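A.B. asks: Below are the chains, spelled out letter by letter.
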Amino acid sequence: MDWNKIMHTALLGTDRAALPEEQDPAALGEAFRLVAEQGLDKEDGFLQMASIAMNWRKCGELPPNEQVYFPLAGEEESPYCSEAARQVLDNMLVIENEPLLQLWLSLCAASHQLLPPERLPSLFDFSQRHKRIQPLLMACAGKRGAWLLKLNGAWKVDEEREDGTVWDTGSLQQRALYLQKLRKKDPAHARKLLQDVWAQENAATRATLLQQLSGTVSEEDLPWLEGLMTEKSQKAREETLRLLRQVPGSSLVQQYWNIVKEAVQISKTKGLLGIGSKTEIRVQLPDGIDEALFKTGIEKMSSQKGVSDADHILYQLISAVPPQFFETKYGFNRDEIIGLFKKVKQGDRYLAALGNGAVAFGDAAWLKAIAAERGHEFYVEALSVFDGKEAEKYAHGFLEKGAQPDLVVRSVAEYLKEEWSKELTLKIFTHTANQIYSYNRSFYSHQVLQFPASIIPELEKCAPANPYAREAWSSTSEYITQLVNLKVQTQKVFTTHT
Amino acid sequence: MNLSEEQILQLAPDEASRKAGLGLAGAAKWVSRGVNDRALWGECQGSGSKPYQTQVDLSTTSFKCSCPSRKFPCKHGLGLLLLYARQSSQFKDHEMPPWVAEWIQKREKGEQKATAPDKKVDEAAQQKRGENREKKVGAGIEELLRWIKDIVRGGFMQLPDKQPAFWEGMAKRMVDAQAGGLATLVKQLGETNFFADGWQTGCIEQLLSIYLIAHAYKNREGLSAALQQDVRALIGFTQNQENLKEATGITDTWLVLGKQVVQEEQLTVERYWLYGTQTAKSALVLQFLVRAQGAVLSLTPGMFIEAELVYYPSAVPLRALIKKHASARPVSLQGMMPAWRELRKQEVETKALFPFLQARPCVVEQLTPVWHKERWWLLDKNNELMEIAAPFAPIWKLAAISGGKPLDTALVGRDNQYEPIGVWENGQYKSL
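First to last, the sequence lines map onto chains A and B.
FYI, my numbering numbers position 62 of the first sequence as 62, with every residue one higher than the one before it.
Every number in my numbering is 1000 more than the matching position in the second sequence, counting from 1.
No lab work stands behind these hints, which were simulated from the structure alone.
Keep in mind that the hints are not guaranteed to be accurate.
[Said to hold, decoys possible] To give a feel for the contact side, a few chain A residues facing chain B, derived at Cβ under 8 Å:
{"#": "1", "residue": "D15"}
{"#": "2", "residue": "A18"}
{"#": "3", "residue": "P63"}
{"#": "4", "residue": "F332"}
[What the hints assert, rightly or not] Below, computed lysine-lysine pairings styled on BS3-like, alpha-carbon distance capped at 25 Å:
{"#": "5", "chain 1": "A", "residue 1": "K181", "chain 2": "A", "residue 2": "K131"}
{"#": "6", "chain 1": "A", "residue 1": "K143", "chain 2": "A", "residue 2": "K261"}
{"#": "7", "chain 1": "A", "residue 1": "K5", "chain 2": "B", "residue 2": "K1149"}
{"#": "8", "chain 1": "B", "residue 1": "K1162", "chain 2": "A", "residue 2": "K42"}
{"#": "9", "chain 1": "A", "residue 1": "K58", "chain 2": "B", "residue 2": "K1373"}
{"#": "10", "chain 1": "B", "residue 1": "K1281", "chain 2": "B", "residue 2": "K1345"}
{"#": "11", "chain 1": "B", "residue 1": "K1345", "chain 2": "A", "residue 2": "K131"}
{"#": "12", "chain 1": "A", "residue 1": "K143", "chain 2": "B", "residue 2": "K1405"}
{"#": "13", "chain 1": "A", "residue 1": "K261", "chain 2": "A", "residue 2": "K131"}
{"#": "14", "chain 1": "A", "residue 1": "K42", "chain 2": "B", "residue 2": "K1149"}
{"#": "15", "chain 1": "A", "residue 1": "K58", "chain 2": "B", "residue 2": "K1187"}
{"#": "16", "chain 1": "B", "residue 1": "K1218", "chain 2": "B", "residue 2": "K1136"}
{"#": "17", "chain 1": "B", "residue 1": "K1373", "chain 2": "A", "residue 2": "K156"}
{"#": "18", "chain 1": "A", "residue 1": "K345", "chain 2": "A", "residue 2": "K305"}
{"#": "19", "chain 1": "A", "residue 1": "K461", "chain 2": "B", "residue 2": "K1323"}
{"#": "20", "chain 1": "B", "residue 1": "K1050", "chain 2": "A", "residue 2": "K143"}
{"#": "21", "chain 1": "A", "residue 1": "K232", "chain 2": "A", "residue 2": "K278"}
{"#": "22", "chain 1": "A", "residue 1": "K393", "chain 2": "A", "residue 2": "K261"}
{"#": "23", "chain 1": "B", "residue 1": "K1092", "chain 2": "A", "residue 2": "K492"}
The model shown is predicted, which means the values in this text are computed figures rather than measured ones.
From the three backbone atoms N, C-alpha and C, an ideal C-beta is built for every residue, glycine too.
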């Protein structure tokens, strides 16, 4: 029986469509005849014939035989990771921790091993929400991963490609990453690449690519960068100015310095009868400031009560020049210059500005001197200027005093990317354990790579006195222990198996 | 214990338990740890002053914990098993403390008690209750058949316009008639997606199945005893499990091919698909949980158990209960289907005995998942294709394991649609 005829009758109803023919097909003729002989009403007759036909159809149905072209994944050349590594990975996937996954993937890639194929889909899914893991993921995905990506267009994964074609054909994110890496290895080549394509890129792309030069600009970049100060695109212009501010020899920094050195007058005057001498400092913004200055990111008006516009402008300008310039220009050492600034009205503000300058130009010696003088203020970015131990000491000192602890903790989290000492971690946890609403699991989850394994037996020491916070800390401690254990296990499985 | 960490995590009742279990898989959390051939135990320091006492009967992978959690197994049970899987050397005590010995003893006594004969029942009262129920079911079925005929008279084209009350009303009527199985089938019919392409075929087949069952019940006198039991089970009559347990079952080393969990309002139905490694028989074991309580089985896909299974009476036995079981070592399987054609042949033989819709598990050699004509299929060695029932969430996991190469595959399905539930890779079973 043609199933379509059954369907036709079923859809229209037995009131409007005829019952299927008995003799069609011959194989069911006998069965249908038996149904017909029962003298059933139309509906029962139809239902019984259709039931027979349904089962007959299913029993006769053979699977389609077709030539199917389906590509094979390539044979892997590198080995898969060990079973122990896979197990650690599984545990990470349960808690979905990005830093730990990044660590796992980086160690796997470094040991030239591959992810187990069955974990690739979960990781590709995860990488859609956590794009930062994509380059590392692709480094461990092998040929199976590339094969899967071709099959599933929903996974958009940016691979970190080492070959030069990524610069011509990659996504903006891939190109930016490529430029950033190249810039560190070969700054002139990176600049040349950017110069070559500059004319054909749109404003947003220009700004993004310029961003990748941050922290690596030098005098050699100046001729080209200074030519970009007249860029039509505001985004690209702002990015150019930001880069130029990082080079002491740039015309922008020199422009600022010219005003500052005119504003800061230091002179030696002889004492009475020509015996001894006295050093005097006068700080005053010169008149007739060129309005063009305010198009370079310097604010014209002060929004702070008690701070004049002139002081505000000067504060910004001193913040934007290397403090070293003062030593060279006036022939005094750091301590002497600090001592002089302390004498003037608004002196503390100028010292703060000198500290900003030290941060901006990475002058650790100046920053240390200013920090010693202005012990009440924590320089957030100081941690990026000081070396590891010095930075820890600086942060530890503020935590010890209990001054601006949240600011310190956030800065430590942002700038100290290496593993923290047990002492600093203890100080941080002692603070965060008390602030259960400010520091939830997300905080610990993001910083796990910085926690030393030696902190685990010490966690109890950080428990707050408040019973509610104490209870919460007990649960947080379990979580921290779990994260740190996974970190340790990751390091172990790749050390053991490489 | 032969469970991998992955299998242990699959025992978890939910995602939160998995995460919490992992958090307790460190030795520092456990103030005491012990193991011997029969049990695994440990005391976990929780937030209270007294540690929780957690114990696992290793012969059946059964759990007990003194924590107040309603989940089964609780996070402590999972954490303890995970810790043992990772660091068995940390379990240095081998003599069961009294609280473990007592529990194990009770379990052994319980097993003996379970095999002891029950007290006599009032057969006359039971028979009367049975007759009353049959009357109710009979009356309900008459009404159901009239309802079906009304649909057929008016045509299926009118069905998309029906209000939910049309389906709910008949489903409730079946519940009143004590025909819960039919109520579920009617409810499923009402859940047809009338916006999907080809809804007509599925809808008609479902209605015909209901009609067949209802009619088979009406004419049950003419059916074989086994098929009568099948029809009664489909209608919603339950089987006395104590009686079943008295029967001799089939002993084999069974592989747990898969576990499916279905939430039905406050009831959780766990379906375990089992495959006899020596007998090549398949089985479906059901476990019902009310608000996550009442679990007696803790099986996980990929687990091998040495068990005696008693099948519910049927023309083609599938549903079974586990009379007794113990963990077993992995063994190789016998009797895989060589290709789709052989499976279809077996299906035809099954359908001749049991003409109702029912998904069954099977194991087919060397199938390759392929993307063809905008759908996923399983291609056998004869280039014959079987469609993978959509939606199938783990398709990418399957594809990733395969890499375009064939794999021995465990499936659940019927007719022309199957869902893979596990594959063998390098001789190891991996659930999907």
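A.B. asks: Would you mind marking each hint as holding or not holding in the structure?
C.D. replies: Going down the list of hints, with the structure as the test:
no., hint, verdict
1, D15, "holds (5 Å)"
2, A18, "violated (13 Å)"
3, P63, "holds (4 Å)"
4, F332, "violated (58 Å)"
5, A:K181 <-> A:K131, "holds (18 Å)"
6, A:K143 <-> A:K261, "violated (62 Å)"
7, A:K5 <-> B:K1149, "holds (18 Å)"
8, B:K1162 <-> A:K42, "holds (23 Å)"
9, A:K58 <-> B:K1373, "holds (22 Å)"
10, B:K1281 <-> B:K1345, "holds (16 Å)"
11, B:K1345 <-> A:K131, "violated (49 Å)"
12, A:K143 <-> B:K1405, "holds (14 Å)"
13, A:K261 <-> A:K131, "violated (47 Å)"
14, A:K42 <-> B:K1149, "holds (9 Å)"
15, A:K58 <-> B:K1187, "holds (24 Å)"
16, B:K1218 <-> B:K1136, "holds (13 Å)"
17, B:K1373 <-> A:K156, "holds (23 Å)"
18, A:K345 <-> A:K305, "holds (15 Å)"
19, A:K461 <-> B:K1323, "violated (52 Å)"
20, B:K1050 <-> A:K143, "violated (53 Å)"
21, A:K232 <-> A:K278, "violated (51 Å)"
22, A:K393 <-> A:K261, "violated (34 Å)"
23, B:K1092 <-> A:K492, "holds (24 Å)"
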